[in-house]
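**Q** What follows is each chain in one-letter form.
Protein chains: 2
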Amino acid sequence: MRIVSLDVRDIRFPTSRSLDGSDAMHRKPDYSCAYVVLGTDSDAGVEGCGLTFTNGRGTEVVVAAVRALEFLVVGRTLEEIVGDMRGFSRSLTSEDQLRWLGPEKGVIHLAAGAVLNAVWDLWAKVEGTPLYRLLVDLEPEQLVGAIDFRYIEDALSESDALALLRGMRAGREERLAEIIESGYPAYTTSAGWLGYDDAKITRLVAEAVAAGFTYVKMKVGQDVASDARRARLIRESLGQDGTLMMDANQYWGVDEAIAAMRVLGEYDPWWIEEPTSPDDVLGHARIRREISPIRVATGEHVQNRVIFKQLFQAEAIDVCQIDACRVGGVNEVLAIILLAAKYEIPVCPHAGGVGLCEYVQHLAMFDYIAVSGTLENRVVEWVDHLHEHFVHPAIVRDGSYLAPTAPGYSIEMHAASLDMYEYPQGAVWNQPDVVGASLGPD
Amino acid sequence: MRIVSLDVRDIRFPTSRSLDGSDAMHRKPDYSCAYVVLGTDSDAGVEGCGLTFTNGRGTEVVVAAVRALEFLVVGRTLEEIVGDMRGFSRSLTSEDQLRWLGPEKGVIHLAAGAVLNAVWDLWAKVEGTPLYRLLVDLEPEQLVGAIDFRYIEDALSESDALALLRGMRAGREERLAEIIESGYPAYTTSAGWLGYDDAKITRLVAEAVAAGFTYVKMKVGQDVASDARRARLIRESLGQDGTLMMDANQYWGVDEAIAAMRVLGEYDPWWIEEPTSPDDVLGHARIRREISPIRVATGEHVQNRVIFKQLFQAEAIDVCQIDACRVGGVNEVLAIILLAAKYEIPVCPHAGGVGLCEYVQHLAMFDYIAVSGTLENRVVEWVDHLHEHFVHPAIVRDGSYLAPTAPGYSIEMHAASLDMYEYPQGAVWNQPDVVGASLGPD
Numbered sequence: 001m002r003i004v005s006l007d008v009r010d011i012r013f014p015t016s017r018s019l020d021g022s023d024a025m026h027r028k029p030d031y032s033c034a035y036v037v038l039g040t041d042s043d044a045g046v047e048g049c050g051l052t053f054t055n056g057r058g059t060e061v062v063v064a065a066v067r068a069l070e071f072l073v074v075g076r077t078l079e080e081i082v083g084d085m086r087g088f089s090r091s092l093t094s095e096d097q098l099r100w101l102g103p104e105k106g107v108i109h110l111a112a113g114a115v116l117n118a119v120w121d122l123w124a125k126v127e128g129t130p131l132y133r134l135l136v137d138l139e140p141e142q143l144v145g146a147i148d149f150r151y152i153e154d155a156l157s158e159s160d161a162l163a164l165l166r167g168m169r170a171g172r173e174e175r176l177a178e179i180i181e182s183g184y185p186a187y188t189t190s191a192g193w194l195g196y197d198d199a200k201i202t203r204l205v206a207e208a209v210a211a212g213f214t215y216v217k218m219k220v221g222q223d224v225a226s227d228a229r230r231a232r233l234i235r236e237s238l239g240q241d242g243t244l245m246m247d248a249n250q251y252w253g254v255d256e257a258i259a260a261m262r263v264l265g266e267y268d269p270w271w272i273e274e275p276t277s278p279d280d281v282l283g284h285a286r287i288r289r290e291i292s293p294i295r296v297a298t299g300e301h302v303q304n305r306v307i308f309k310q311l312f313q314a315e316a317i318d319v320c321q322i323d324a325c326r327v328g329g330v331n332e333v334l335a336i337i338l339l340a341a342k343y344e345i346p347v348c349p350h351a352g353g354v355g356l357c358e359y360v361q362h363l364a365m366f367d368y369i370a371v372s373g374t375l376e377n378r379v380v381e382w383v384d385h386l387h388e389h390f391v392h393p394a395i396v397r398d399g400s401y402l403a404p405t406a407p408g409y410s411i412e413m414h415a416a417s418l419d420m421y422e423y424p425q426g427a428v429w430n431q432p433d434v435v436g437a438s439l440g441p442d
Numbered sequence: 443m444r445i446v447s448l449d450v451r452d453i454r455f456p457t458s459r460s461l462d463g464s465d466a467m468h469r470k471p472d473y474s475c476a477y478v479v480l481g482t483d484s485d486a487g488v489e490g491c492g493l494t495f496t497n498g499r500g501t502e503v504v505v506a507a508v509r510a511l512e513f514l515v516v517g518r519t520l521e522e523i524v525g526d527m528r529g530f531s532r533s534l535t536s537e538d539q540l541r542w543l544g545p546e547k548g549v550i551h552l553a554a555g556a557v558l559n560a561v562w563d564l565w566a567k568v569e570g571t572p573l574y575r576l577l578v579d580l581e582p583e584q585l586v587g588a589i590d591f592r593y594i595e596d597a598l599s600e601s602d603a604l605a606l607l608r609g610m611r612a613g614r615e616e617r618l619a620e621i622i623e624s625g626y627p628a629y630t631t632s633a634g635w636l637g638y639d640d641a642k643i644t645r646l647v648a649e650a651v652a653a654g655f656t657y658v659k660m661k662v663g664q665d666v667a668s669d670a671r672r673a674r675l676i677r678e679s680l681g682q683d684g685t686l687m688m689d690a691n692q693y694w695g696v697d698e699a700i701a702a703m704r705v706l707g708e709y710d711p712w713w714i715e716e717p718t719s720p721d722d723v724l725g726h727a728r729i730r731r732e733i734s735p736i737r738v739a740t741g742e743h744v745q746n747r748v749i750f751k752q753l754f755q756a757e758a759i760d761v762c763q764i765d766a767c768r769v770g771g772v773n774e775v776l777a778i779i780l781l782a783a784k785y786e787i788p789v790c791p792h793a794g795g796v797g798l799c800e801y802v803q804h805l806a807m808f809d810y811i812a813v814s815g816t817l818e819n820r821v822v823e824w825v826d827h828l829h830e831h832f833v834h835p836a837i838v839r840d841g842s843y844l845a846p847t848a849p850g851y852s853i854e855m856h857a858a859s860l861d862m863y864e865y866p867q868g869a870v871w872n873q874p875d876v877v878g879a880s881l882g883p884d
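Chains as they are written, first to last, in the working numbering: chain W, 1 to 442; chain D, 443 to 884.
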């Protein structure tokens, strides 16, 4: 089977109208994505789908970057790609001229992630199995053969990775059966966006508790007094047995983060997420030391395995929040999951954004079944927005993700949604009340 | 004066034909740039010019990112911008939706750098002075008012920065006179590109020595035995009194770098540059500890002030190689120069690429006159390619950069060059032997 085309579209949802997704640094997000379809010459018409999540303006830049990668993908057969997944991923992430744009970070890496994810979707569809099952069924040598160990070998060698995977072969079938039976625990962020008023927050927390969630995350930053008031409200609705997480979305400097968490610690947060710049390994390490026992989480803006490696080496975080798009697709996610296992840091994937819940359920389930073997201190974010646009949406019941059953990576969107939300020509961007929502500054 | 237009063009030079600029990770570079012109409503027709250096393929992605920033720039007056340089730079680097593409790294930050540099060029032209003189003449409060201290305040506060600048006011006129009289010391990289054969390298080193250079840099990586042979050749031409630097361009992992430098140390390198990933602060720190007294340099791929801050905090480098494009323009360069001064690390700017020599001469001269006050252990890279395309090219005589005299940031290119090299429509890209040089994989 040969990849014969790469199509990429700029898809934007006008979420800034309702302030869904609003936080201290992203006050008016329009959840968006660069959506990739790899066409093949198969008689069955099978296609690989992938997307990379963006935040509105600038999606066209990621679209341009995906197009810049096209010549590395179109014309290749699926067989040669999966026969050398490591080489294929490096051909995208370290291309001789394009790597200047990163390397392995920012726009060009977001684009590589979308393309690599589309390849994995294609592979899983061809195998007729959900992505997480494909990963669980691969031999340790195949999984390791998909990983680029450049720059991480001082922390995780190929033989370390093989030993980790082989060591977790026992009990795999039981854990698979358990996931199919019970799903994977979720937590909700939908209740605590910064732009919501107090009444809406109280109502949403009560609804979340009624729906079976015992973990709730709130946004903080900007104003500690206001954060404390909202934390008290949420804590009252949630009860002392519920688990409250806080997320500052990089608003603070290192000293500010320490000062703020000394105040907000009163509400017993299970973790503080993104207390400062995602690039600041040493800053996270210092924050963690100074606000202990409050745990520190980060990852949705961590650019690649090299920064994650250092976050682990420096004992800077307690929770690894991999993002399915920001790093170079499934390949690099595998590297990070294995690094986290080596350093015994729980992986709790980031999923605030369109398509991320669909993606990360596969990654978390694979992690449990084949790498970590435990659910302790592990929950996957759930954000209940925009799932209706997916052909096989993620489903959460009683506070847990159900195991996906359709072949692939669950990321294929409905054709009607793509047409409706394509920017700028889609109908939703040509209604008077929407035009301009994603065009100008706040 | 109001900025009324932002024009951006994709300019590429087919340098891969001669392997100028070739190194271990960039074997066939086409030196390129996204070239920005800010038009104004001034009667005199003054324009601000800026560029961000790229490596061929993918320049169009940076062009798209510059266009995404246009709405933040066009319509603003120069007066309001320079009245709040910090706020203006943050409006570009932390825009609510666009920051998802970075934040402050990769393509979107390369684009912000080009735009901010164009604003500084415009300001210096309006003042009728070369950029370095504008910087030297600004009050410490104005310089500090151009810097975004977010995420670096734990290492350098606003008052630290003010104290550093005020402490170096004395002797400023003497240092300025000295720079105008004697220039700023340069070193050459043009002799040692990896793609050159031994005879060409020997000839070029002899020519460099004859031209007054006592510092020569060679590319290493890929094959230690071959590197050692070339180092011996260069050392023989250069003599034991000459200074040899080595540059691995990120080719190695941490352990590989240590092993390679234990071999190459025989040729007495003054520094090893980019021994591993630019993201690996802890890796650089370990390499530095283990190969001492060989010094460690990095910076051309360091994405922003947050990584530089940590390289200083972790005592990971001996030499700070700021890049004038990769970080967010003059504003963030000021932050990094001041951080380096606080940690007493010499700044030796990166200049391998089109336009970088033109830019960084201003930064190095400002650093000497107003911040560091010393030339000890400080040299600026000089690469003798492509200067003929600039209206006011950088000039090196007897191994030193001459102080620029024309108003602005020296980055304006000839109209004929822009037309000739614009990709893909320029004449140089439509000659049979050139077409495709920047299109396909190697």
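To be clear, the hints were calculated from the coordinates, so they are not data collected in a lab.
By construction, the Cβ of each residue, glycine as well, lies at the ideal position given by its N, Cα and C atoms.
Careful, some of the hints might be misleading.
[Stated by the list, open to error] Derived SDA-like pairs (lysine to any residue); straight-line CA-CA distance at most 25 Å:
no., chain 1, residue 1, chain 2, residue 2
1, D, 784, W, 74
2, D, 784, D, 568
3, D, 470, W, 74
[Claimed, not checked] Sample of chain D residues lacking proximity to chain W, with all beta carbon distances greater than 10 Å (derived):
no., residue
4, 471
5, 483
6, 498
7, 640
8, 721
9, 722
10, 723
11, 743
12, 845
13, 861
**Q** So, for every hint listed, does it hold in this structure?
**A** Comparing the hints with the structure gives:
Annotation: proposed proximity of residue 784 of chain D to residue 74 of chain W is violated, straight-line Cα distance about 50 Å (limit 25 Å). With a C-alpha separation of about 32 Å, the suggested pairing of residue 784 of chain D with residue 568 of chain D is violated against the 25 Å cut-off. A threshold of 25 Å between alpha carbons decides the hint, and for residue 470 of chain D with residue 74 of chain W the separation of about 22 Å falls inside it, so the pair holds. Residue-level check failed: residue 471 of chain D sits 6 Å from the nearest beta carbon of chain W, not beyond 10 Å.
A cut-off of 10 Å between C-beta atoms confirms that residue 483 of chain D is not in contact with chain W; the least separation is 21 Å. Remark: the non-interface label on residue 498 of chain D conflicts with the geometry, its nearest Cβ contact in chain W lying 4 Å away (cut-off 10 Å). The claim that residue 640 of chain D is not at the interface with chain W holds, since no C-beta of that chain comes within 10 Å of its own (minimum 23 Å). For residue 721 of chain D, the shortest C-beta to C-beta distance to chain W comes to about 4 Å, within the 10 Å cut-off, and the non-interface label is violated.
Distance check on residue 722 of chain D: its Cβ comes as close as 5 Å (rounded) to a Cβ of chain W, failing to clear the 10 Å threshold; non-interface status is violated. The claim that residue 723 of chain D lies off the interface is violated: its Cβ sits roughly 6 Å from the closest Cβ of chain W, which falls inside the 10 Å cut-off. Some Cβ of chain W comes within 10 Å of the Cβ of residue 743 of chain D; the nearest lies about 7 Å off, and the non-interface call is violated. With a closest Cβ-Cβ approach of about 30 Å to chain W, residue 845 of chain D is found to remain outside the 10 Å limit, as its non-interface label requires.
With a least CB separation of 23 Å from chain W, residue 861 of chain D remains clear of the 10 Å interface cut-off, as annotated.
Of the numbered hints stated above, those contradicted by the structure are hints 1, 2, 4, 6, 8, 9, 10 and 11, listed in ascending order.
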